Amino acid sequence: MCAGVSDRGQLGEARELAHDAAHARREALGRILRPRADTIQDNTLGHAYRATNFLGLGALAAKRWAAISSRAMPACLDALEADDAQRIGLLDQAGVYIHELRAAGFQRFAGEALGGDQQPRHAGLPRRPRG
Amino acid sequence: MPACLDALEADDAQRIGLLDQAGVYIHELRAAGFQRFAMKPLTSLGFRLALREVKAHARAEGFDPEELEDELRVFQRAFEARIIYRT
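Protein sequences appear in the order of chains A and B.
Taking our numbering, the leading residue of the first sequence gets 1, the next gets one more, and so forth.
Taking our numbering, the leading residue of the second sequence gets 1001, the next gets one more, and so forth.
No lab work stands behind these hints: they were computed from the structure.
For clarity, every value in this text was computed on a predicted model and none was experimentally measured.
Don't be surprised by glycine CBs; every beta carbon is placed ideally from N, CA and C.
DEER-style ranges, computed between Cβ atoms:
no., chain 1, residue 1, chain 2, residue 2, range
1, B, 1024, A, 35, 24 to 30 Å
2, A, 35, B, 1011, 20 to 26 Å
3, A, 95, B, 1062, 47 to 53 Å
4, B, 1043, A, 81, 32 to 38 Å
5, A, 82, B, 1012, 50 to 56 Å
Where chain B lies over chain A, by a calculated footprint (3+ residues, C-beta under 8 Å):
no., stretch
6, 12-23
7, 28-40
8, 43-53
Work out the full structure: start from the sequences and follow the hints.
Structure below.
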């Protein structure tokens, strides 16, 4: 704005509105996060503990796991892209890596925890149309 | 946590003061043997989990999730600048 040209208070008003909007957003963040802060903190520390301790299996086990799962990754990605029939075959083939993990001493509970705890409920069923 | 939550709700000027006060806890963590390299990923993870909650509950508070996400990121930048990188 040029010096000497009045903004008729519009600039100040705009600033005030922006300030009010920011204040409202910050209060909303507080209302959302205050009652959940302890849970978020517990989850953060839980994730960190599991990551650093690798489910109690230690750093060497983490390296073994990484080596085997890296080899399995291409087959799993192929299965991700495949249609239902191909997918089943590809996942069966990828099962060999699970046997390798078992042979390396990993228990089933570790596989489930690292692979994700939610199995798709529609596995093997026709997909619902999207949109 | 209470100091950080107060800072989250405060305006810019108050926020800086509150975050600077909260820096004392970082000194405590350092004194307890925690290294700086451990703090950044933990902070990022905590904010990621917080963001998930914010996005899930934004509409119930009358906001678009993106609006509150932006506001939380503004706070995260201030938090990291004043607490993680400064202390």
